[in-house]
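Put the two chains together into one complex; each comes in its own frame, and the hints tell you how they fit.
As you go down the protein sequences, you meet chains C and X in turn. Taking the numbering used here, the leading residue of the first sequence gets 672, the next gets one more, and so forth. Taking the numbering used here, the leading residue of the second sequence gets -15, the next gets one more, and so forth.
Keep in mind the hints are simulated off the structure, nothing from the lab. C-beta: ideal position from N, C-alpha, C; glycine also. Misleading hints may appear alongside valid ones.
Said to hold, decoys possible - From the derived model, a few chain X residues whose C-beta atoms are all more than 10 Å from chain C: (1) Pro(-8); (2) Gly47; (3) Thr54; (4) Gln69; (5) Ile94.
What the hints assert, rightly or not - 20 Å max Cα-Cα, derived DMTMM-like pairs, lysine to aspartate or glutamate: (6) C/Lys713 <-> X/Asp22; (7) X/Lys(-7) <-> C/Asp710; (8) C/Lys672 <-> X/Asp40; (9) C/Lys672 <-> X/Glu43; (10) C/Lys739 <-> C/Asp698; (11) X/Lys(-7) <-> X/Glu56; (12) X/Lys(-7) <-> X/Asp88; (13) C/Lys713 <-> X/Asp88.
Here are the chains, one letter per residue:
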Amino acid sequence: KQEVTQIPAALSVPEGENLVLNCSFTDSAIYNLQWFRQDPGKGLTSLLLIQSSQREQTSGRLNASLDKSSGRSTLYIAASQPGDSATYLCAVRPLGTSYGKLTFGQGTILTVHP
Amino acid sequence: NAGVTQTPKFQVLKTGQSMTLQCAQDMNHEYMSWYRQDPGMGLRLIHYSVGAGITDQGEVPNGYNVSRSTTEDFPLRLLSAAPSQTSVYFCASNQVGQPQHFGDGTRLSIL
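Okay, chain X solo, but in the shape it has when bound (with noise of 0.2 Å):
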């Protein structure tokens, strides 16, 4: 049982530059979130959602995209990558009352 996969676990792109992060859970969970992880702020949230067809904006949503078309898969999509979205990047699910199961993790570098 894989749990929560996250592709690639490195990447650095160049300002301007497109790129999707990749995240993928087999364990049939209704609820998929992206968080960064930046020093000195803590983790905090991009997009999730509630099941497939249907997502929403958290706390940080701007320069971000996200679709989820399956269960399992939960793509997120950098329009044009800036600097300021250097970070580590974490997908995350859960099912109903349970806890959040974590992905290793996508650090990505913008120069």
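For reference, chain C alone in the conformation it holds in the complex (with noise of 0.2 Å):
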């Protein structure tokens, strides 16, 4: 059964601050991985979709690479600002599963201080 895991669980930070958030997963066989944003009382925003074949996906400050073989993916996010503060999740579509099927990690929980 795939696991994700996502380290640390909660990390405060000041502003200005690039930092590096780690997901990793217990079976490399995936279609694709998933970072989610979730602001306190609200649904989950896309942040960045890596297909299993690539390594790495890039919006704006935000970058995530995907190394499957070693069953991680990492979220960096440069200039950190107090509106980065939310909770961030990672998810994996395993091999074999719908296109409607995800399994997340429990989320790190980011605040950015003036």
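Structure (structure tokens):
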């Protein structure tokens, strides 16, 4: 059974710092990996989707990498801002499953203080 | 473009009552899913659908029913509510190979 782990569970940094969030998964047989952001009381917003054949994806100050063989992904946030404060979740779609099925990690709660 | 719309946003039920959580998407997505989010457990898949008329079970399907009569709608039914079903419920939709889009959730409390 696929399991997804995110470390650290919580992170507090001063504004302007570059930071890395980690995601690991136990089974490397995946179609893709997604990073989401969740604000308090809200749903999830997709940030980046990396297909299994890709090594990284970038969007603005965000860069996500994928090392499928080692079962790891990282989300790099450059020049963090207080508005980046949220819970960040990673999720994988295992091989052999429907496009509608994702397995989630428990998230990293990020606080960026001014 | 509304995206994924869930209603109601909040609901309190008594044990044994039934109710339907509504989910509608206006993006013509084939795939729709229901998750529940609980502290310490993360998001877990309840049921999903790969198209109108086709549904399947996820990780935690017991106590829930779904149907998909149209592409747009994917309601989740609680047949006889139990306190263990107190949770935040999220509906999501996506197209092949594309990111999932989530609704804002329904916060359900069962007394």
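Hint-by-hint comparison with the structure:
1. No beta-carbon of chain C comes within 10 Å of the beta-carbon of X/Pro(-8); the shortest separation is about 14 Å.
2. Non-interface call for X/Gly47 relative to chain C: holds, since the shortest CB-CB distance, roughly 19 Å, exceeds 10 Å.
3. Against chain C, the non-interface label of X/Thr54 holds: every CB pair exceeds 10 Å, the least being about 16 Å.
4. With a closest Cβ-Cβ approach of about 19 Å to chain C, X/Gln69 is found to remain outside the 10 Å limit, as its non-interface label requires.
5. No Cβ of chain C comes within 10 Å of the Cβ of X/Ile94; the nearest lies about 19 Å off, and the non-interface call holds.
6. The suggested pairing of C/Lys713 with X/Asp22 holds, with an alpha-carbon distance near 14 Å, which does not exceed 20 Å.
7. Straight-line distance between C-alpha atoms of X/Lys(-7) and C/Asp710 comes to about 16 Å, which keeps the hinted pair within the 20 Å bound.
8. Under the criterion of a C-alpha separation no larger than 20 Å, the hint pairing C/Lys672 with X/Asp40 is consistent with the structure, at around 18 Å.
9. At roughly 11 Å between alpha-carbon atoms, C/Lys672 and X/Glu43 fall within 20 Å of each other, so this suggested pair holds.
10. Under the criterion of a C-alpha separation no larger than 20 Å, the hint pairing C/Lys739 with C/Asp698 is consistent with the structure, at around 9 Å.
11. Simply put, X/Lys(-7) and X/Glu56 have alpha-carbon atoms about 19 Å apart, close enough for the 20 Å limit, and the pair holds.
12. With a C-alpha separation of about 8 Å, the suggested pairing of X/Lys(-7) with X/Asp88 holds against the 20 Å cut-off.
13. At most 20 Å may separate the alpha-carbon atoms for a hinted pair to count; C/Lys713 and X/Asp88 meet this at roughly 5 Å.
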